[in-house]
Amino acid sequence: MGRYVVRRLLQMIPVFIGATFIVFMMMYALPGDPVRALWGERAPDEAQMAALKADLGLDDPILLQYWHYLTGLLQGDFGTQISSRREVIDVIGDALPATIRLTVLAFTITVVVGIGLGLIAGLRAGGKTDGLILFVTLLLISVPVFVIGYLYQTYLGVKWDLIKPTVQDSEDWGQLLLPALVLASLSLAYVARLTRTSIVENRRADYMRTAKAKGLSARRAVTVHLLRNSLIPVVTFLGVDLGNLATGAIVTEGIFNIHGIGNTVFHALNSREGSTVVGIVTFIILVYLVVTLIVDLLYAVLDPRIRYA
Amino acid sequence: MPEPQEPQAAATAPNSPDAGPAAGAAVPSQGAPVAVAVAEAGPAPGRPRSLWSDAWHDLRRRPSFVIPALIILLLLVIAVFPGWFTSASPRAADLTNHYLQKPQLTHFFSPEWLGYNQQGQSVYARIIYGTRASIVIGLSVTVLVMIFGSLVGMLAGYFGGWVDTVLSRLTDIFLGIPFLLGTMVILVSFDTRSEWTVTLALAFLGWTTIARVMRGSVIAVKQADYVAAARSLGAGTWRILMRHILPNAVAPVIVVGMVALGGYITAEAVLSFLGIGLSDPAISWGADINRAQERIRNAPHILLYPSILLSITILSFLMLGDAVRDALDPKLR
Numbered sequence: 001m002g003r004y005v006v007r008r009l010l011q012m013i014p015v016f017i018g019a020t021f022i023v024f025m026m027m028y029a030l031p032g033d034p035v036r037a038l039w040g041e042r043a044p045d046e047a048q049m050a051a052l053k054a055d056l057g058l059d060d061p062i063l064l065q066y067w068h069y070l071t072g073l074l075q076g077d078f079g080t081q082i083s084s085r086r087e088v089i090d091v092i093g094d095a096l097p098a099t100i101r102l103t104v105l106a107f108t109i110t111v112v113v114g115i116g117l118g119l120i121a122g123l124r125a126g127g128k129t130d131g132l133i134l135f136v137t138l139l140l141i142s143v144p145v146f147v148i149g150y151l152y153q154t155y156l157g158v159k160w161d162l163i164k165p166t167v168q169d170s171e172d173w174g175q176l177l178l179p180a181l182v183l184a185s186l187s188l189a190y191v192a193r194l195t196r197t198s199i200v201e202n203r204r205a206d207y208m209r210t211a212k213a214k215g216l217s218a219r220r221a222v223t224v225h226l227l228r229n230s231l232i233p234v235v236t237f238l239g240v241d242l243g244n245l246a247t248g249a250i251v252t253e254g255i256f257n258i259h260g261i262g263n264t265v266f267h268a269l270n271s272r273e274g275s276t277v278v279g280i281v282t283f284i285i286l287v288y289l290v291v292t293l294i295v296d297l298l299y300a301v302l303d304p305r306i307r308y309a
Numbered sequence: 001m002p003e004p005q006e007p008q009a010a011a012t013a014p015n016s017p018d019a020g021p022a023a024g025a026a027v028p029s030q031g032a033p034v035a036v037a038v039a040e041a042g043p044a045p046g047r048p049r050s051l052w053s054d055a056w057h058d059l060r061r062r063p064s065f066v067i068p069a070l071i072i073l074l075l076l077v078i079a080v081f082p083g084w085f086t087s088a089s090p091r092a093a094d095l096t097n098h099y100l101q102k103p104q105l106t107h108f109f110s111p112e113w114l115g116y117n118q119q120g121q122s123v124y125a126r127i128i129y130g131t132r133a134s135i136v137i138g139l140s141v142t143v144l145v146m147i148f149g150s151l152v153g154m155l156a157g158y159f160g161g162w163v164d165t166v167l168s169r170l171t172d173i174f175l176g177i178p179f180l181l182g183t184m185v186i187l188v189s190f191d192t193r194s195e196w197t198v199t200l201a202l203a204f205l206g207w208t209t210i211a212r213v214m215r216g217s218v219i220a221v222k223q224a225d226y227v228a229a230a231r232s233l234g235a236g237t238w239r240i241l242m243r244h245i246l247p248n249a250v251a252p253v254i255v256v257g258m259v260a261l262g263g264y265i266t267a268e269a270v271l272s273f274l275g276i277g278l279s280d281p282a283i284s285w286g287a288d289i290n291r292a293q294e295r296i297r298n299a300p301h302i303l304l305y306p307s308i309l310l311s312i313t314i315l316s317f318l319m320l321g322d323a324v325r326d327a328l329d330p331k332l333r
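Protein chains in written order, with full-length UniProt numbering: chain H, 1 to 309; chain C, 1 to 333.
Extracted from the complex, chain H is given alone in its bound form (with noise of 0.2 Å):
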């Protein structure tokens, strides 16, 4: 186990590397300059901009460029915003609460309700309730978030008056409901949908004959038994679809003005705000790389058959 993280530790640095310097690339070997930017229309001075590129470090060649960004980020400095002069990891830091409260209440409406919805498919599979799910689960990925957010606003918000349609606060877990009812919608029909179909696969196997033969209540097979061997590819979902909630935050953030992550990353991209885009996307790289290593330790746990050497 403890050698097997190592290794998978390892593997990572790479990745990290590799995905941070094509961001990087993307970022900022592409046309637009976030120096220039600071001026808008007027007319820029030139000796001043100029002082300001070379302070910045913007002069220098890309891949020195790069190299001091990921010296940088190994002390623990993930740049500085270039119209604040702010430390990117405090800017993260200020939208960070907020997007793990989203993050953590669409999560757990992912999780409780897809899977529920796909325990119940499962069993009766073939039957009306089946088709019922299967049908609202395809419709939800269907439509796009965008609309879906709009659909809840309206309705569920402000026509039926059962949840505050916007987010003054986002302390307060009661206005977040609505965004994460809409950030959860996609997730949890692909949940319902993977759990289902594992579910029927797993449903006659044969450690099920056995467990109804050695006499255990249907409850206790289908729950310890079936939805426990049952969970490997939902959890393998639940990870990667973690490692994304940031990004997906985006657009739902923007619907009900949430000051999230997905919110300043967006503004930072629309004003070419360099360091802050890379700075957000390497932390989400990192969230989305320890998801996915704590998915495959979980494997583990869920099947005993499979073991890390």
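No wet-lab data here; the hints were simulated from the structure.
Please note: incorrect hints may appear among the correct ones.
DEER-style ranges, computed between Cβ atoms [what the hints assert, rightly or not]:
no., chain 1, residue 1, chain 2, residue 2, range
1, C, Val163, H, Leu297, 24 to 32 Å
2, H, Gln11, C, Ala92, 23 to 31 Å
3, C, Ile67, H, Trp39, 54 to 62 Å
All of these numbers come straight from a predicted model, not from anything done at the bench.
From the three backbone atoms N, C-alpha and C, an ideal C-beta is built for every residue, glycine too.
Starting from the known structure of chain H, fit chain C onto it as the hints suggest.
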């Protein structure tokens, strides 16, 4: 390292009944009933039906395949000949057609059918002409991703060793970049973005899944007897890859590609909605929905109709992919 998706996807490949004369004996036990069923139902006893004609036989009587296929056919016609469906120009703006007018839902196919937007443009004409962007981007991203992803996956899976290590790590690297955010980073640096800019950006980051599926599928297929037979007959590497491995390994890739197509159409709509996708004068459902959101309270029709058509399009491609997967996967029969 356990990767539950791979063996599952790969499991469809070796059951292919057209695997040659030796296949009858070589089919793994779980595939045996299928092979028997095929032999019984097949028209001519001499030649067993291939995986594809078997799937086609199964698909064409399923409503879950026929209905989305017909819708997609209609969408393709709309995308190629939008002028057949509306006389109005999607860009003609006449402010006497006020956006607060209620849509004339009984005036089928006329410009005022689905109402007007804030610029006095016909919503119906906009959604008809907006079809092309979604379809073109969805299809071309899928084609590009299938070609490149399959090539990477095939080389990694067939050659193994250091080729596999290098290509798999490359795939991991691209998989580590968040998909939507990554395409946004690419696209934001272009001032005008056409269908091709968006397509290339999506394909640049989108090929990884296909590469992984293809790699797993090729690894499962390359041990087959007919590959060894071809090699011992002196077939070259290229010939083995193209004539023997690819046809038998491609099924799971096609399924993943078809399901992904719906995802690329969604991605284009989301990008255009955020203002980083297609730029004017291109007509895109996502961009139109974005412009409609400010009037959602008093003129919901501007947002509603492009959303409905967008959802129907994505739904059709997803259902088609699902149906094809069910038909190609013998385990689900």
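Do the hints match the structure? See the list:
1. In this structure, C:Val163 and H:Leu297 meet the distance hint of 24 to 32 Å, their C-beta atoms being roughly 29 Å apart.
2. Distance hint check: the CB atoms of H:Gln11 and C:Ala92 are about 57 Å apart, inconsistent with the given range 23 to 31 Å.
3. Between C:Ile67 and H:Trp39 the CB atoms are about 56 Å apart, so this pair conforms to the stated range of 54 to 62 Å.
In terms of the numbered hints stated before, the structure departs from hint 2 and from no other.
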